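Colleague: On the provided structure of chain A, position chains B, C and D as indicated by the hints.
Residue numbers (numbering that gives the first Met the number 0), protein chains in the order written: chain A, 0 to 471; chain B, 0 to 471; chain C, 0 to 471; chain D, 0 to 471.
Since the hints were made in silico from the structure, they are not lab data. The structure presented is a predicted model; accordingly, all values stated were derived computationally and were not measured. Treat the hints with caution; some may be incorrect.
Which copy? The list can't say, so a pair holds if one copy fits it or any two copies do.
Unchecked claim - Derived lysine-lysine pairs resembling DSSO-like cross-links, with alpha carbons at most 30 Å apart: (1) Lys375 / Lys261; (2) Lys163 / Lys336; (3) Lys163 / Lys147; (4) Lys238 / Lys367.
There are 4 protein chains.
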Amino acid sequence: MNIQRPEEECGVFGIFNHPEAANLTYLGLYALQHRGQESCGIVSSDGSALHAHKSMGLVADVFSNQEIFKNLPGRAAIGHVRYSTTGGSAIKNVQPIMVDYSRGSIAVAHNGNIVNAQMIKDELEAYGSIFQTTMDTEIIVHLLATSKASSLLDRLTDALGRIKGAYCLLLITETRMVAARDPHGFRPLCLGKLGESYVVASESCALDLIEAEFIREIEPGEVVFIDKNGITSNFPLKKVAPTPCIFEFVYFARPDSCIFGKNVYQVRKELGRQLAREYAIDADIVIPVPDSGVPAAMGYAEESGIRFELGLIRNHYVGRTFIEPQQSIRHFGVKIKLNPVREVLKDKRVVVIDDSIVRGTTSRKIVKMVRNAGAKEVHVRISSPPTSYPCYYGIDTPNRKELISSSHTVEEIRKYITADSLGYLSRDGLLNAVGTNNTDYCRACFSGDYPIEFPMLKPAPQLPLFDKELPE
Amino acid sequence: MNIQRPEEECGVFGIFNHPEAANLTYLGLYALQHRGQESCGIVSSDGSALHAHKSMGLVADVFSNQEIFKNLPGRAAIGHVRYSTTGGSAIKNVQPIMVDYSRGSIAVAHNGNIVNAQMIKDELEAYGSIFQTTMDTEIIVHLLATSKASSLLDRLTDALGRIKGAYCLLLITETRMVAARDPHGFRPLCLGKLGESYVVASESCALDLIEAEFIREIEPGEVVFIDKNGITSNFPLKKVAPTPCIFEFVYFARPDSCIFGKNVYQVRKELGRQLAREYAIDADIVIPVPDSGVPAAMGYAEESGIRFELGLIRNHYVGRTFIEPQQSIRHFGVKIKLNPVREVLKDKRVVVIDDSIVRGTTSRKIVKMVRNAGAKEVHVRISSPPTSYPCYYGIDTPNRKELISSSHTVEEIRKYITADSLGYLSRDGLLNAVGTNNTDYCRACFSGDYPIEFPMLKPAPQLPLFDKELPE
Amino acid sequence: MNIQRPEEECGVFGIFNHPEAANLTYLGLYALQHRGQESCGIVSSDGSALHAHKSMGLVADVFSNQEIFKNLPGRAAIGHVRYSTTGGSAIKNVQPIMVDYSRGSIAVAHNGNIVNAQMIKDELEAYGSIFQTTMDTEIIVHLLATSKASSLLDRLTDALGRIKGAYCLLLITETRMVAARDPHGFRPLCLGKLGESYVVASESCALDLIEAEFIREIEPGEVVFIDKNGITSNFPLKKVAPTPCIFEFVYFARPDSCIFGKNVYQVRKELGRQLAREYAIDADIVIPVPDSGVPAAMGYAEESGIRFELGLIRNHYVGRTFIEPQQSIRHFGVKIKLNPVREVLKDKRVVVIDDSIVRGTTSRKIVKMVRNAGAKEVHVRISSPPTSYPCYYGIDTPNRKELISSSHTVEEIRKYITADSLGYLSRDGLLNAVGTNNTDYCRACFSGDYPIEFPMLKPAPQLPLFDKELPE
Amino acid sequence: MNIQRPEEECGVFGIFNHPEAANLTYLGLYALQHRGQESCGIVSSDGSALHAHKSMGLVADVFSNQEIFKNLPGRAAIGHVRYSTTGGSAIKNVQPIMVDYSRGSIAVAHNGNIVNAQMIKDELEAYGSIFQTTMDTEIIVHLLATSKASSLLDRLTDALGRIKGAYCLLLITETRMVAARDPHGFRPLCLGKLGESYVVASESCALDLIEAEFIREIEPGEVVFIDKNGITSNFPLKKVAPTPCIFEFVYFARPDSCIFGKNVYQVRKELGRQLAREYAIDADIVIPVPDSGVPAAMGYAEESGIRFELGLIRNHYVGRTFIEPQQSIRHFGVKIKLNPVREVLKDKRVVVIDDSIVRGTTSRKIVKMVRNAGAKEVHVRISSPPTSYPCYYGIDTPNRKELISSSHTVEEIRKYITADSLGYLSRDGLLNAVGTNNTDYCRACFSGDYPIEFPMLKPAPQLPLFDKELPE
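Only chain A is shown next, with the shape it has when bound in the complex (with noise of 0.2 Å):
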């Protein structure tokens, strides 16, 4: 089991007090298909029973048939979409979590990561507690069936007391659904209306479409209770500064979402127009890598005045896996999602707008691509500051494991991305430009600041997890 380091990207939705609970959250999991897109699962109950379907795959995969939705029943219903690259992805872990305890049944679907799980696990384990899955979420209920108190939200008092971490957390019985954020608040999630029904999603993108109205977000540390007497809210934690995520902005939530107070396509635009402010460059195109630096690409290029274009397309197509010829020397890997337009790149000096560089290899392939396409200059600007730390509050960075930016300079990047230029936006500028409202946010990946400390860790996570060689 994975303890720290999160395995998973995911999101939630539920509604409660809808004819059609199952099949609007199969829609609400659509517009989130984004945050996971491995798994997915949805849990409905009639009042008095809970009912379930999940499975690995797409949500257009696993809800292929109306038939399914005959076997979810109900007036309420919780969904998730799962992203994993581990081992852990196996069908046992797939969400949300249904078990029977002594009051009765429940089911919980989790987005975020704990970081004292295995802490936790194993102290369970010693009192005789048995774990079928891999996943945060199973000690969550366990806590939750082990907590003396007698109303569940003390029990849920007691459990979310006792894990540190980011969540975001769906939960629902026989008669309620619980809707709990972390204290941080890493990990957006918002409320909304439709008719008569309470609406709980991940990002509020979902709400849009099914036509519900935006209420509100749900707070750091709130724990809202649904039921047939309407909503009721709860601070029973410890009120802490929120810390919440700033790479959602950055890379993760979907443009049209609106999360922490704003619109993620409008930051993004002005994240792109203060890396123009920083790192101006003579040029005659700026092209974002799509589809996630097409926002920053606009605001670059209406800051500076040089002309936005689409110099590369993307292929939308494109499957988990593809087969590559087996006595190639070449990797399709970047090919098969971007292609470049001769045309609109030959003999021009290029600005290329990417949201973030990882290990260096992609931003080193779109490079070669754009100059073998006829570009005179690359000039590579991305629109955050250089990704050196490890995620551990639900950023899935298995893929990101090895930072190029943890252990070289930004010059050393820029001479192995081939680039003529590179610059990345500043700490200062992304603050500005996301714009703080008092708020504080969590910039660990960019400062290793982390907000909560990790029980059980070494000084790992400060140290660089990338050596001095590069991949050719």
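Modeller: Chains B, C and D alone, transformed into the frame defined by chain A:
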């Protein structure tokens, strides 16, 4: 959760210390497929970790390619086949169950039924346990995990000391395999050897297939530990008078197996001979209801001197479901499986041998089928006494719920199934034919004398489950 | 394309004028599944258009839900089951074949083998025809399409006049169903009635299942037209002396079927009786190789007075493929299907009855298996003469290619299979047991006397296909 | 069979003389997936035989593992992607089509539509041909097979001389690959080189992916033979003035492709610029309907000086089908794909750019969506003239059947879609923007001037297909 009535019939197989443990387990499950056709699974141990593959489906479909066995490495493995007719047949209930607990990983495969399961579950939940399946097996794992004893044998003794009912268990840890049989010894379990490897299986036919040598049966109340140092036998539980299930002989076990010290095929023939002695009739031919009625019919023919014929041919290609014509007034249920041979039956006085009558509807159709094919007389002989009481020890009677014998006299049943005469083997005749060897068999399904009482049960099982109305 | 040797064994079924034609065809195919387990299909006519559903797989798997039958509307349908061991088993070769031609749409299902197929194919291609499958059936459709005759009967007469070999054909157009049997009548085909509907099937067991009345067999050389005006019989082809396939009795047909005027089960028992007369032996028990050897063993036991026992138990759950252990020196091929009953065989002199010996390898394994189970003597009796010549008329002998009898004496075979004695039914004994009724049967597989010559064949079939070396 | 109206849009790819021909063809089809998402297939040649793999589904799903490519051996391969909205989408219609004929085996992949298909089919059937699919492609193969000419070029000349319409063909035999483009050159087809291998593809983006060099387009009327001796070019058909399809620029081709001598992305931007010149408006922002409207919106923004924004975000995870809530009065069809960004649109005067309007229902929903998100004014601009006439040359307009422009004025359409203003690019503006280079483009969908007449067609296509009633 169904608490006393078994939802399932099962078979288990395990092998320790063989380079192709998983593949041989798969072959063993092939041989035990008749004990459960709905789902199956294998867990292997490579010495430091457990590996699982399990799914709904027949053994041939779930283990369909060599790749699967690459993911089941190691020199030890246990497997399970399962049949269930209830909603409990979901994927989550597929065995072996595999968990992490304080002492490492463990997987359990179980054949039987725990009669005090609900009581223990309630208690475990009261102390904070959560349940992710509806299987008795999960209760056993919880008891193992909550035991404070320091050795696995002591923990297992703790656990088995708590449960009442029928069980044949196979457990596997990183370094050991354990086989346990309940003190009453309801279900069969035998021990074999293949070179340096030990093998445990529900029936000896599974040893035969892999050419393992039959050593002996695991005894009632015995707990066998197998590890790199060899095999040790333990009897940690209070001794009781064994009561193996006599119905395994009548119907459930494979005829080529030896269980409880006897060959099943020969016992079945003897049941037929005894039946001939008790219910002789002047007739032209004796025919079995294939396949289970064949040996008894052969015995009946030998003893009576009436010619044995195949008057009903079985179609072995029938799948789990088939699609009936919508507007049909016929019910093809029996016809799709059995077809009469007119030329054999025409103008004959026919004795039809079957192993048991449950609801009576199938027997009724068979009698009509035989008569329509030209039989002058149809005499039905059943190679066991009337099945009037449900089983609580591991024979699935969900589809045997409405037992016609529980509420109707033999003459009433004869009329219902439209036979010219009907004879059931007597209870004494059954015992004589099986032969006692000082063994008392569980005959609860015939007599209502249950060897283990039901802690939470109202007098329900003594009551007829079938009202006087009979289906058309 | 394999030109003379049949790649396939098949079964056909059709029904005209029934509101659930497709569903009843599906049931009919269920009953004929033993004639082909690899692929199947149904084409229905709604009066103005044809509709098809076909795929690789068993009937139960290909027609797995009611939805499929909604896409097979109409009051007429034909179906096909097929077995093939060659590369020709691709999806494109699944029958019935359905095409558009100058007179509309037509679909054809075919059981048999056209011996001059390659010659006709070459000629058709020379005139511009294209072939999309490797099936004889496509040739028949081309001949129908290229005929200039104005009526379907005349076109069919043209087509059938060109082809030589064995065929039972079912054709369906928008408004008619046609059944045709070759003049030699190699394969069985029968006519039945279900209320106002006419039914045609390869074997009578398919009529039984849907409770249709058996009317008569389609005669050799007969072409039956069925349309809204009823049924008409035609004999458009030159008459020849019929030679139905005697091997259908020995092995291929279902025992509950009546073919060529006789019940298969009773014929097989008589083969056993005759075998006992020809090759008596002093022994303790007679056991069959199940399932096909059962009736002959019963006949042998009756005639000889030696007790009939089940000494080998068959596992009916075996799938098409199973995965052998990698390092095994054993070959589980036979063991996975058959298991000896030691208690029956121990210290006994055993007569083993099988229907035929092909390569001899299976018989060798069975003899060893019986002997290892404790038999003192093993006497093998075969209820047909030595199979020395391949079939060119619709019995698949790809896996019968290396016929041990074609190159070895009975004594050599006995030694190879390690039996204490070996006896084959004599050719005269076979004919006597079947009974001639003035019918001459095709016995080419035993005698090499082929009723139809091979236009393009060198003397090959007369030569032994098996050299003197025998596999270990 | 649909005789004049294309049921399908397609893409083709082929490569000759490469050790991993099938795998590279698969990559090429990946790049052409936008031309057909319903089914796909590859046929390879190993020099002496053809091998096929084809199925319904996306390229990533149909070619899901390396094993498949082991069954597609050889140094030459052709592939096909196909989209169809009609019942003709069955598995039997998946291309390439592969047949045996008098000269051996041949496989054909086809993009286009034969307008005299029915006439030729009737004639071929009259001479005895049978048809197993409903594809034009089968007609071409029949014509090849029935030609008496001795060389493949002559047979192909015969065949192509008979057919009228649009076609880009790829043929493969045991030893050759042939590419042919109709004399009008309706669809694009280009030639590339990868080391010693020749490559042919519908669009240049497929060459880019495999890093093949673009050589030139296959010319209208050109037939290219590729074999071990290299490449030969032939022009066997009567020359006509080419009329490439201008709609490929407007909508169908990928923006990174070069077709008909121009880069698609740049043409689309120019369409947007011209649109701005023709229909200027005082507005705050310009937004595209993504993805196809993006380049034109960028051009419009550049030319007009109005800011380009992303006001609609596209969800790329949407599957082919999704399940609507049963009781919903909303139709989620557009919302599931597009979500407005309120913060961008609020209180703005918005210009929405799309490439075309078919029925008007989608445009109507988009206008409402934008207005509901807070836009003060919504001005729709279409980067092509009104689509008033169906295409008969390979652009699928089954779902474009009810063309609103065929029966309604621009003002009527504006009212229907509830826009504040509506402007279509003029026909002259379209031509100017594309640039003629002395090429006459087929603009039949806008003008009704069809370059090829319809042999069997009544005046139907000139008539409006859309009545005055409009859907709500």
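Colleague: If the cutoff is 30 Å on CA atoms, where do Lys163 and Lys147 land: within, between, both or neither? Let me know, please.
Modeller: both (20 Å within a copy, 28 Å between copies)
Colleague: Could you figure out if Lys375 and Lys261 sit no more than 30 Å apart (CA to CA) within one copy, between two copies, both or neither?
Modeller: between (38 Å within a copy, 22 Å between copies)
Colleague: Tell me, please, which holds for Lys238 and Lys367 at an alpha-carbon limit of 30 Å: within, between, both or neither?
Modeller: neither (50 Å within a copy, 43 Å between copies)
Colleague: Which holds for Lys163 with Lys336 at a C-alpha limit of 30 Å: within a copy, between copies, both or neither?
Modeller: Intra 38 Å, inter 37 Å, cutoff 30 Å: neither.
Checked against the numbered hints listed earlier, the structure breaks hints 2, 4; every other hint is satisfied.
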